[in-house]
Amino acid sequence: MAKTILTVDDSASMRQMIRMTLAGAGYEVTEAIDGTQGLATARGKAFDMVLTDLNMPGMDGVSMIKEIRKLSTYTGVPIVLLTTESDAEKKAQAKTAGATGWITKPFQPEQLLSVTKKVLGQ
Amino acid sequence: MKAADPKEIFQQEAQDLLVQLEQALLDLEHAPADGALIDTAFRALHTIKGSGSMFGFEAVAAFTHHVETAFDKVRQGAIAPNRELIMITLHARDHMRQLIENPEAADSSAGQAILAELQRIMEAGAAPVAATPAGPASYRVRIAFPRDVMATGTNPLLLLDELRGLGRATVAALTDDVPTLDVIDPTACHVGWEVMLSTAQPPTAIEDVFLFVRDEMTLEIEPIRDTTPETPLGEILSQRGDVTSQAVEAALHEQKRVGELLVEAGAVSPDKVNAALAEQQHLRRDGAPKPSANSSVRVPAERLGELMDQVGELVIAQSRLRQIATVSADQQVKSVAEEIERLVLELRDTTMSIRMVPIGALFGRFRRVVHDLSRDLGKEVALTMEGEETELDKTVIEQLNDPLVHLIRNAIDHGLEDPAGRAAAGKPQLGHIKLAARHAGMEVLISIQDDGRGMNRERIRARAEERGLLAKGAAVSDGELLQMIFQPGFSTAAQVTSLSGRGVGMDVVKRTIEGLRGAIDLQSTPGHGSEVTLRLPLTLAIIDGLLVRVGNGRYVLPLGAVEECVELSAQEDARSRGRSFLNIRGDLVPYLRLRELFACQTPADPYQKVVIVSSGDLKVGLVVDQVIGDHQTVIKSLSKLHADVEMLSGATILGDGAVALILDIPHLVEFGQVREENQRAAG
Numbered sequence: 001m002a003k004t005i006l007t008v009d010d011s012a013s014m015r016q017m018i019r020m021t022l023a024g025a026g027y028e029v030t031e032a033i034d035g036t037q038g039l040a041t042a043r044g045k046a047f048d049m050v051l052t053d054l055n056m057p058g059m060d061g062v063s064m065i066k067e068i069r070k071l072s073t074y075t076g077v078p079i080v081l082l083t084t085e086s087d088a089e090k091k092a093q094a095k096t097a098g099a100t101g102w103i104t105k106p107f108q109p110e111q112l113l114s115v116t117k118k119v120l121g122q
Numbered sequence: 001m002k003a004a005d006p007k008e009i010f011q012q013e014a015q016d017l018l019v020q021l022e023q024a025l026l027d028l029e030h031a032p033a034d035g036a037l038i039d040t041a042f043r044a045l046h047t048i049k050g051s052g053s054m055f056g057f058e059a060v061a062a063f064t065h066h067v068e069t070a071f072d073k074v075r076q077g078a079i080a081p082n083r084e085l086i087m088i089t090l091h092a093r094d095h096m097r098q099l100i101e102n103p104e105a106a107d108s109s110a111g112q113a114i115l116a117e118l119q120r121i122m123e124a125g126a127a128p129v130a131a132t133p134a135g136p137a138s139y140r141v142r143i144a145f146p147r148d149v150m151a152t153g154t155n156p157l158l159l160l161d162e163l164r165g166l167g168r169a170t171v172a173a174l175t176d177d178v179p180t181l182d183v184i185d186p187t188a189c190h191v192g193w194e195v196m197l198s199t200a201q202p203p204t205a206i207e208d209v210f211l212f213v214r215d216e217m218t219l220e221i222e223p224i225r226d227t228t229p230e231t232p233l234g235e236i237l238s239q240r241g242d243v244t245s246q247a248v249e250a251a252l253h254e255q256k257r258v259g260e261l262l263v264e265a266g267a268v269s270p271d272k273v274n275a276a277l278a279e280q281q282h283l284r285r286d287g288a289p290k291p292s293a294n295s296s297v298r299v300p301a302e303r304l305g306e307l308m309d310q311v312g313e314l315v316i317a318q319s320r321l322r323q324i325a326t327v328s329a330d331q332q333v334k335s336v337a338e339e340i341e342r343l344v345l346e347l348r349d350t351t352m353s354i355r356m357v358p359i360g361a362l363f364g365r366f367r368r369v370v371h372d373l374s375r376d377l378g379k380e381v382a383l384t385m386e387g388e389e390t391e392l393d394k395t396v397i398e399q400l401n402d403p404l405v406h407l408i409r410n411a412i413d414h415g416l417e418d419p420a421g422r423a424a425a426g427k428p429q430l431g432h433i434k435l436a437a438r439h440a441g442m443e444v445l446i447s448i449q450d451d452g453r454g455m456n457r458e459r460i461r462a463r464a465e466e467r468g469l470l471a472k473g474a475a476v477s478d479g480e481l482l483q484m485i486f487q488p489g490f491s492t493a494a495q496v497t498s499l500s501g502r503g504v505g506m507d508v509v510k511r512t513i514e515g516l517r518g519a520i521d522l523q524s525t526p527g528h529g530s531e532v533t534l535r536l537p538l539t540l541a542i543i544d545g546l547l548v549r550v551g552n553g554r555y556v557l558p559l560g561a562v563e564e565c566v567e568l569s570a571q572e573d574a575r576s577r578g579r580s581f582l583n584i585r586g587d588l589v590p591y592l593r594l595r596e597l598f599a600c601q602t603p604a605d606p607y608q609k610v611v612i613v614s615s616g617d618l619k620v621g622l623v624v625d626q627v628i629g630d631h632q633t634v635i636k637s638l639s640k641l642h643a644d645v646e647m648l649s650g651a652t653i654l655g656d657g658a659v660a661l662i663l664d665i666p667h668l669v670e671f672g673q674v675r676e677e678n679q680r681a682a683g
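Chains as they are written, first to last, in this note's numbering: chain A, 1 to 122; chain B, 1 to 683.
These aren't lab readings, by the way, just hints derived from the structure by calculation. Quick reminder that beta carbons are idealized off the backbone N, C-alpha and C, glycines included. Hints may contain errors.
Reference excerpt, derived from the structure (chain B facing chain A, CB under 10 Å, subset only) [claimed, not checked]:
(1) Gly153
(2) Leu157
(3) Leu159
(4) Asp161
(5) Arg164
(6) Val183
(7) Thr187
(8) Asp215
(9) Met217
(10) Thr218
(11) Lys427
(12) Gln429
(13) Phe581
Below 25 Å or equal to it, Euclidean Cα-Cα: the simulated DSS-like pairs (lysine-lysine) are [to be verified]:
(14) B/Lys379 to A/Lys3
(15) A/Lys90 to A/Lys118
(16) B/Lys434 to A/Lys118
(17) A/Lys3 to A/Lys105
(18) A/Lys3 to B/Lys434
(19) A/Lys45 to A/Lys117
(20) A/Lys105 to A/Lys66
(21) B/Lys73 to A/Lys117
(22) A/Lys117 to B/Lys434
Beyond 10 Å from chain B on every Cβ pair, some chain A residues (computed) [to be verified]:
(23) Met14
(24) Arg15
(25) Thr41
(26) Gly101
(27) Phe107
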């Protein structure tokens, strides 16, 4: 069974790049354009992993992670952040909110793949 | 005994070295910085060159000299062992093999071409590479995670696995902090770990494993320097700072084990002692001498064969002796006969174990096959192997090479999709082939598994009908349909490639396996891949059998296949007349009357017995007149004249000199099941 990944990012090009990288490696990718949509999608289905941006219009990444962690189906599900170097403070907040790991932007597709494999234990 | 020709010994020795060289090269492709592998390759080349010139293989020595020079540069770090270099060295290795096996037939211009290419790569690759890392160092890694680590998506077990991936690791769990059951929070992480890790990677690689939780957790990485496998536990504990050396000293004055004493004295927790013990063991294994090649003796295979034959004759003679002793009144004869029986059985087991060799050596050869095929076909293939230590009769292993090569080729060529096909099917580009061996009762199971497209039932059916192997629209079970691919002249490949798809082979594979008294199982899920399982008997020569009587004839059933013996009551017999089913604890088992099958004319015994035998997952009952008892059986093959008798697999000589036939269980079971299906179909 292909592992399912929910990717939340307001940038279409970013989503496209993530989709191409992960789908090419055999993962099943679902997209959401902001925290609100991301949370709604996560409520509807238990994904194997969540990949999220932090700065998004509407509900931002940190609040979304807090909400997702309240869902019983998301205990133990890895949540990985897409963050920039300058976002150290937000990163710390997100970790407290329950994020598992992070990828620093800009990143290479290989980095994304290796982190995904790492947190999914493949 | 004739003295062995040193030339022959060199040829044998060189074969081993070439295998080592090949393995080292293939491993180097994945771990180019591994100094030990480079050394292995260099040593093999060096020995072949040296011995070659001593025993008159000048051409080999001259050729190898150039390859050795190249690898010497690699060893010194002047050239990196890149893909190109490994590839050409593999070619060189093949050329060397040819020079050794058949010097006259070797093509010297091909050799020249290889050397020229090697020269070119050496000049191109002369840029210095980073210094090869020093040999593996040992670290003591102490790990404690925050309590909520699992809730936030980090799985400590995955991280421990990742750590194991860095090198050889011994993991000790620290469970002192686990609360009692009534207060435990099952979602929290209460366990800490201590990992003794021997790795060639720098300590930063260890830290990288814990990248995401590094800030919240406690992670201590210390090199283990001063402890050796002989270091006493007390000293390790005090070096680790878990306990003072005074406490150790005091404990040593007592006579119990140091660890227990320290725990009892409250100087240290049981966890700490366990971790230290694990460290001691880890180091012991590190320092344990590898089984050396010198402790084995080379014996020509035919001499082993002779030994086996003689032991076989001895077993037969012994069973005659037993029969005489049973009817004799002489107590001394009886006791000697018992003693001899015991010794003969031990001798038989020892002799058989000599013939048993691990299948790993055979599996190792396939790495090259897969490597070359994946390159030729442009498919990325990863080969994983399991159960390499599984032992099997040497003669069986030798005959397995060709069938397995064929099955692996099929799996890669037909089974795995090309990269575009895999991408379209949403599979990772890298295809997987898994080769596994394991024991199951008296059999060894060898399976070849791929994650390719699986077998196409429609195409198999269409082809079988086209070839007249199957009547149009005939109803066959899925298993029978898949078995069609073993029919002579069957091939569904749309395109004939040079590697497979000529339709010769699968039938040969089946014949070879059946010649070894084995069977082939096929499983295939469309879109997910196929698995071919070869079921082989442990040994060819001797089996433990159950001796039964049918009419006047005596027959042997392999004991490994016998499940149980039950009586066929007249009542039950009458009830199932015409259907021939037996109710065994709720399971309906079809049974065959051997008297009918063998057309016995003598009157049947009033109390018929049923021996339930199994083959794979299927069971069938065999109705016999009498169950005589267990019997050591040396298998003698039947003459060519009887080779077509499918229900018999061989013959044996009984203690009284009479011949007993050995029943072929897989065929009988198949026969019984087919009859059952027919009866079901008939309603």
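Okay, the hints, checked on the actual structure:
no.: 1; hint: Gly153; result: holds, 3 Å
no.: 2; hint: Leu157; result: holds, 8 Å
no.: 3; hint: Leu159; result: holds, 9 Å
no.: 4; hint: Asp161; result: holds, 7 Å
no.: 5; hint: Arg164; result: violated, 12 Å
no.: 6; hint: Val183; result: violated, 20 Å
no.: 7; hint: Thr187; result: holds, 7 Å
no.: 8; hint: Asp215; result: holds, 8 Å
no.: 9; hint: Met217; result: violated, 12 Å
no.: 10; hint: Thr218; result: violated, 17 Å
no.: 11; hint: Lys427; result: holds, 6 Å
no.: 12; hint: Gln429; result: holds, 8 Å
no.: 13; hint: Phe581; result: violated, 40 Å
no.: 14; hint: B/Lys379 to A/Lys3; result: holds, 23 Å
no.: 15; hint: A/Lys90 to A/Lys118; result: holds, 23 Å
no.: 16; hint: B/Lys434 to A/Lys118; result: holds, 23 Å
no.: 17; hint: A/Lys3 to A/Lys105; result: holds, 23 Å
no.: 18; hint: A/Lys3 to B/Lys434; result: holds, 21 Å
no.: 19; hint: A/Lys45 to A/Lys117; result: holds, 21 Å
no.: 20; hint: A/Lys105 to A/Lys66; result: holds, 22 Å
no.: 21; hint: B/Lys73 to A/Lys117; result: violated, 37 Å
no.: 22; hint: A/Lys117 to B/Lys434; result: holds, 21 Å
no.: 23; hint: Met14; result: holds, 21 Å
no.: 24; hint: Arg15; result: holds, 18 Å
no.: 25; hint: Thr41; result: holds, 17 Å
no.: 26; hint: Gly101; result: violated, 3 Å
no.: 27; hint: Phe107; result: holds, 14 Å
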